[in-house]
Amino acid sequence: MSTASTAPLAEGTADGPVPVKTGPSGPRARSARAYLLYVAGKLGGAAVSLFAVLVTSFFLFRIIPGDPVRTMTHGRQVSAEQLASLRHQFGLDLPVWQQFTGYCVKALSGDLGISYQFHAPVGELIAQKLPATLLLTGVAVVIYSVLGLWLGTRSAWHRGRLGDKVNTGVALTLWSVPSFWLGLLLIITFSVGIGPIPGMFPTGGMESGGATGFAYVADVAHHMALPVVTLVAVGYAQTLLVMRASLLDEMGSDYLTTARAKGLRDDLVRRHHAVPNALLPTVTMVFINLGHVAAGSILVETVFSWPGLGGLFYQALSVPDLPLVQGLFVVFAGAMILMNLLADLLYPLLDPRVGR
Amino acid sequence: MDTTTVPRNARPSSRVRTLLAVGAVGATALALAAAAATPLNPAPRQVKAATAAADGKRTLTVAVSQSVDSLSPFLAQRLVSTTVHRLIYENLTNYDTKDNHAIPGLATKWEPSPDKLTWTYTIRENSRWSDGKQATAEDAAWTFNTMMKDEGAATANGSFVANFKKVTAPTPTRLVIELKKPQATMAALDVPILPRHEWEKVGDFSKFNNDKKFPVVGNGPFVLTDYKVDQYVKFRPNQKFWRGAPKFDELVLKYYKDGDAAVAALRKGEVSFAANLTPAQAASLAASRNIKVNDAPGRRFYALATNPGARSKDGKKFGDGHPALLNPKVRQALFAATDRRTIVDKVFQGHAVEGEGYIPPRFSAYHWKPTAGQKIAYDPEKAAALLDEAGYKKNSAGKRVGKDGRPLDFRILCHAIDPNDKAVGKYLQEWWGDLGIGLKVDCRDNVSDPWLAGEYDLAFDGWSVNPDPDFVLSIHTCAALPSTPKDTGATDNFICDKKFDELYAKQTTEYDAAKRAGLVKQMQSRLYDTGYMNVMAYPNALEAYRTDQIKAITTMPESGGNIWGQDGYWSWWSAVPADGGDTSGESGSSTGLVIGIGAAVVLAAALGAFVAMRRRSTAEDRE
Numbered sequence: 000m001s002t003a004s005t006a007p008l009a010e011g012t013a014d015g016p017v018p019v020k021t022g023p024s025g026p027r028a029r030s031a032r033a034y035l036l037y038v039a040g041k042l043g044g045a046a047v048s049l050f051a052v053l054v055t056s057f058f059l060f061r062i063i064p065g066d067p068v069r070t071m072t073h074g075r076q077v078s079a080e081q082l083a084s085l086r087h088q089f090g091l092d093l094p095v096w097q098q099f100t101g102y103c104v105k106a107l108s109g110d111l112g113i114s115y116q117f118h119a120p121v122g123e124l125i126a127q128k129l130p131a132t133l134l135l136t137g138v139a140v141v142i143y144s145v146l147g148l149w150l151g152t153r154s155a156w157h158r159g160r161l162g163d164k165v166n167t168g169v170a171l172t173l174w175s176v177p178s179f180w181l182g183l184l185l186i187i188t189f190s191v192g193i194g195p196i197p198g199m200f201p202t203g204g205m206e207s208g209g210a211t212g213f214a215y216v217a218d219v220a221h222h223m224a225l226p227v228v229t230l231v232a233v234g235y236a237q238t239l240l241v242m243r244a245s246l247l248d249e250m251g252s253d254y255l256t257t258a259r260a261k262g263l264r265d266d267l268v269r270r271h272h273a274v275p276n277a278l279l280p281t282v283t284m285v286f287i288n289l290g291h292v293a294a295g296s297i298l299v300e301t302v303f304s305w306p307g308l309g310g311l312f313y314q315a316l317s318v319p320d321l322p323l324v325q326g327l328f329v330v331f332a333g334a335m336i337l338m339n340l341l342a343d344l345l346y347p348l349l350d351p352r353v354g355r
Numbered sequence: 000m001d002t003t004t005v006p007r008n009a010r011p012s013s014r015v016r017t018l019l020a021v022g023a024v025g026a027t028a029l030a031l032a033a034a035a036a037t038p039l040n041p042a043p044r045q046v047k048a049a050t051a052a053a054d055g056k057r058t059l060t061v062a063v064s065q066s067v068d069s070l071s072p073f074l075a076q077r078l079v080s081t082t083v084h085r086l087i088y089e090n091l092t093n094y095d096t097k098d099n100h101a102i103p104g105l106a107t108k109w110e111p112s113p114d115k116l117t118w119t120y121t122i123r124e125n126s127r128w129s130d131g132k133q134a135t136a137e138d139a140a141w142t143f144n145t146m147m148k149d150e151g152a153a154t155a156n157g158s159f160v161a162n163f164k165k166v167t168a169p170t171p172t173r174l175v176i177e178l179k180k181p182q183a184t185m186a187a188l189d190v191p192i193l194p195r196h197e198w199e200k201v202g203d204f205s206k207f208n209n210d211k212k213f214p215v216v217g218n219g220p221f222v223l224t225d226y227k228v229d230q231y232v233k234f235r236p237n238q239k240f241w242r243g244a245p246k247f248d249e250l251v252l253k254y255y256k257d258g259d260a261a262v263a264a265l266r267k268g269e270v271s272f273a274a275n276l277t278p279a280q281a282a283s284l285a286a287s288r289n290i291k292v293n294d295a296p297g298r299r300f301y302a303l304a305t306n307p308g309a310r311s312k313d314g315k316k317f318g319d320g321h322p323a324l325l326n327p328k329v330r331q332a333l334f335a336a337t338d339r340r341t342i343v344d345k346v347f348q349g350h351a352v353e354g355e356g357y358i359p360p361r362f363s364a365y366h367w368k369p370t371a372g373q374k375i376a377y378d379p380e381k382a383a384a385l386l387d388e389a390g391y392k393k394n395s396a397g398k399r400v401g402k403d404g405r406p407l408d409f410r411i412l413c414h415a416i417d418p419n420d421k422a423v424g425k426y427l428q429e430w431w432g433d434l435g436i437g438l439k440v441d442c443r444d445n446v447s448d449p450w451l452a453g454e455y456d457l458a459f460d461g462w463s464v465n466p467d468p469d470f471v472l473s474i475h476t477c478a479a480l481p482s483t484p485k486d487t488g489a490t491d492n493f494i495c496d497k498k499f500d501e502l503y504a505k506q507t508t509e510y511d512a513a514k515r516a517g518l519v520k521q522m523q524s525r526l527y528d529t530g531y532m533n534v535m536a537y538p539n540a541l542e543a544y545r546t547d548q549i550k551a552i553t554t555m556p557e558s559g560g561n562i563w564g565q566d567g568y569w570s571w572w573s574a575v576p577a578d579g580g581d582t583s584g585e586s587g588s589s590t591g592l593v594i595g596i597g598a599a600v601v602l603a604a605a606l607g608a609f610v611a612m613r614r615r616s617t618a619e620d621r622e
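Residue numbers (numbering that gives the first Met the number 0), protein chains in the order written: chain A, 0 to 355; chain B, 0 to 622.
Calculated directly from the structure, the hints in this document are not laboratory data.
Hints should not be assumed to be uniformly reliable.
[Stated by the list, open to error] FRET-style restraints, in silico, Cβ to Cβ: (1) M147(B) / A126(A): 30 to 38 Å; (2) G55(B) / K164(A): 33 to 41 Å; (3) S287(B) / L93(A): 51 to 59 Å.
[What the hints assert, rightly or not] Below 27 Å or equal to it, Euclidean Cα-Cα: the simulated BS3-like pairs (lysine-lysine) are: (4) K115(B) / K498(B); (5) K105(A) / K206(B); (6) K211(B) / K105(A).
The C-beta atom is built at its ideal place from N, Cα and C for all residues, glycine as well.
Starting from the given sequences, assemble the full structure and let the hints guide the process.
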């Protein structure tokens with residue numbers, strides 16, 4: 000971030016409106032054209048990545064050892080004829096190249112196939128569970144990103160003081176805690192209740208069932224409280240630490256001295272000058288985290304019996320249920336590509352030097 | 000303070016503020032929108048849960064962990080799904096809670112023709128579908144015929160109709176099944192009979208999951224009223240069930256993907272019953288008030304399987320099993336050096352029974368014990384002597400070496416996720432190590448591949464046994480071997496023994512129950528003597544329920560048996576609610592809901608106040 004100090008100086012010295020031409024060949028038009036080119040480049044890159052993911056997902060999961068038919072029928076009364084019939088039904092008796100072309104043609108038309116174990120379209124299964132995952136992980140990521148940004152900024156600004164030590168100490172401790180263990184502790188303490196603490200929250204699930212309207216929203220929020228707290232507690236440290244480190248990088252910069260020399264309050268120097276320049280790495284990480292939202296959190300979803308995609312992925316892998324595992328991989332990777340794309344598109348807005 | 004040096008339009012703070020604001024608003028919006036948009040479509044469902052206790056509704060809530068694979072009996076293979084089907088549909092027969100013998104279900108009686116090739120079932124007249132229509136022999140004939148004709152409909156239970164030649168329903172109360180060859184298991188057809196008038200509308204059975212229209216039409220003791228993937232399955236009692244209606248007002252299978260969370264829910268009273276407990280969980284629950292731990296004989300056996308040299312039906316050999324294991328004395332020595340008592344006491348912490356015959360003692364009619372002279376007891380000295388006799392003497396380094404100079408170093412396949420396999424593996428390393436035998440405990444996430452390829456020496460094995468033992472016996476016949484090394488057969492560990500096969504063929508056609516049981520015991524005796532399948536223990540089923548919610552419940556076997564995964568619907572059908580108990584288990588949640596919402600409101604207010612204060616403190620600077 001050593002070069003970042005030039006930008007705010009340029010901005011800071013642009014005291015008053017800069018005279019610009021408004022014609023089609025003026026700097027603004029050139030800047031817009033550059034941005035459009037930048038956007039087009041990023042979109043093209045994302046499309047290529049997505050196609051690569053589509054192809055990779057087919058071969059990646061065929062490397063995993065295991066026979067889906069045997070795993071699914073293990074321990075059950077099945078004849079050799081039934082096993083052969085299931086293989087035929089799933090298309091596993093076809094040569095790999097035929098399976099691959101069939102998969103590509105279908106995938107490009109939006110059909111991800113039929114799950115072996117659930118006998119339902121993969122798209123439908125994913126759509127069924129995606130909202131639950133987006134809700135839980137999405138809320139948690141947004142909360143811990145905002146919390147991490149805020150606490151990281153405070154820690155860096157007051158570096159070395161007691162507040163900073165407590166802040167980073169607590170965050171690092173929570174980060175080291177296994178999420179399933181923390182989740183179980185929260186269930187025992189706040190769901191079942193210990194001593195004077197009453198059991199305030201449900202022990203698991205997403206809803207009690209049957210409620211409608213506001214009661215339903217409140218019911219879901221009630222079920223969501225502990226898993227969100229768990230995810231936030233173990234997750235906010237990384238945003239905090241990245242924000243703290245990048246702000247510390249900025250703090251010795253000349254432009255901050257200039258800002259102070261102009262008589263700005265310390266609070267303003269921090270918020271208006273230092274933080275915006277320290278944001279870029281943090282924003283990258285926040286978007287990476289948002290990319291992970293679709294994948295959910297297998298451990299937290301399991302401990303709180305949250306009906307999300309994390310658990311579905313685990314079940315799909317253990318068979319392996321090839322169409323389902325491929326479909327989920329495409330969705331997870333697609334979400335990551337999309338979020339990276341969004342981050343790329345946002346950079347020029349946060350830092351005008353990007354994309355020029 | 001002069002702040003005009005910072006042009007308003009260039010203020011970076013607006014971006015930060017916007018980002019934070021977007022974050023906060025996003026979190027709220029996401030929470031509300033996703034909650035509203037979640038595919039949960041709570042339309043015409045019974046409103047209860049939080050208000051259940053107030054309504055006086057007596058709900059029996061059972062914690063389950065396995066996802067339903069399908070609600071169509073043609074497709075469902077998992078235990079939780081077949082349990083659901085056992086509650087909502089009748090099979091032709093059921094099993095007695097005392098000794099598992101076949102008793103009437105949808106059929107009141109069944110008899111074979113003198114040539115043993117035709118079975119006639121009399122269908123009861125007092126079983127109605129939950130939509131009011133009569134359940135008839137035609138429904139049964141349609142169910143079996145569909146499985147015989149349609150590949151998709153044969154997915155789950157095709158093996159039951161593999162030997163059927165023709166199925167007809169000459170009258171509404173008479174079902175006739177013609178067989179290709181005699182079959183002794185005709186009173187054990189665990190196939191749910193479906194209402195033809197509902198199911199014949201289905202187009203593709205391989206894709207129909209029976210999970211869109213509720214209530215599901217059935218004729219079992221319960222009616223399935225609602226289902227949400229990995230959240231719950233709800234039932235109401237079938238008031239017209241011919242055996243009598245269940246006593247609880249509602250049965251809910253509620254999902255707990257984590258065992259410890261299920262135990263917490265049981266402790267709190269959110270669920271009435273939890274199964275598959277670990278010994279530690281059982282010990283901790285045993286001390287709790289209003290909770291009864293049920294430590295019952297299980298239906299599984301836990302065995303040491305030996306690779307007898309993998310081969311296919313075409314006579315080709317494959318795999319790399321250790322040749323020393325083909326010597327019966329070596330197999331006997333290994334089992335004689337396996338302390339089953341210690342395995343039960345230390346690994347299963349007392350929650351198991353020492354293994355002997357192949358079929359667990361729970362199935363008393365078929366359980367067999369070795370005679371005193373036959374039994375291979377734990378005796379390390381005898382084991383050493385057997386190895387000496389077999390020509391595997393200890394060398395100077397203390398290792399047992401064969402005449403070919405190859406040491407006795409074995410591999411044992413273990414399931415990476417099974418702590419029992421790992422613990423027993425460590426004991427075996429110690430016990431067999433004392434004899435001079437090396438053992439590599441090969442724990443894998445997926446044991447299927449080496450297992451099917453015959454690339455192992457020994458393996459930890461276990462099967463859940465049905466009241467009719469035909470299937471667990473069939474997996475050790477030559478007919479179960481794969482056709483070629485590339486194929487997959489139904490075989491368990493490639494055992495192919497002529498004498499065992501002869502006995503198997505005899506029991507298949509023996510319709511006299513006592514004589515058949517005698518043959519099954521002879522088969523177990525043969526299996527024991529050949530020593531390729533050594534049962535070490537029968538693990539118990541550990542489960543617990545709340546006595547303030549369930550007053551009485553039928554176990555299977557009736558005396559000291561288990562509750563979850565019975566052969567039949569006995570436990571949930573017979574469960575009696577406790578008097579005055581809070582059976583909903585959700586009343587605590589409703590209080591919690593209020594407190595929770597209150598806490599959220601306070602938090603939001605605090606956040607709002609904080610932001611407002613921040614804004615005010617810098618207002619001057621912004622002017």
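Could you check the hint for me, namely that M147(B) and A126(A) are 30 to 38 Å apart, CB to CB? Holds, since M147(B) and A126(A) (Cβ atoms, about 35 Å apart) stay within the stated range.
Within 27 Å, alpha carbon to alpha carbon, are K211(B) and K105(A)? Holds, because 25 Å separates the two Cα atoms, which is no more than 27 Å.
Holds or violated: K105(A) to K206(B), with C-alpha atoms at most 27 Å apart: 17 Å, holds
Cβ-Cβ distance between G55(B) and K164(A): within 33 to 41 Å? 56 Å, violated
Could you tell me whether the CB distance from S287(B) to L93(A) stays inside 51 to 59 Å? The hinted range 51 to 59 Å holds for S287(B) and L93(A), with Cβ atoms some 55 Å apart.
Distance restraint between K115(B) and K498(B), which requires alpha-carbon spacing of 27 Å or less: 24 Å, holds
The structure is inconsistent with hint 2 alone, although it conforms to all the rest.
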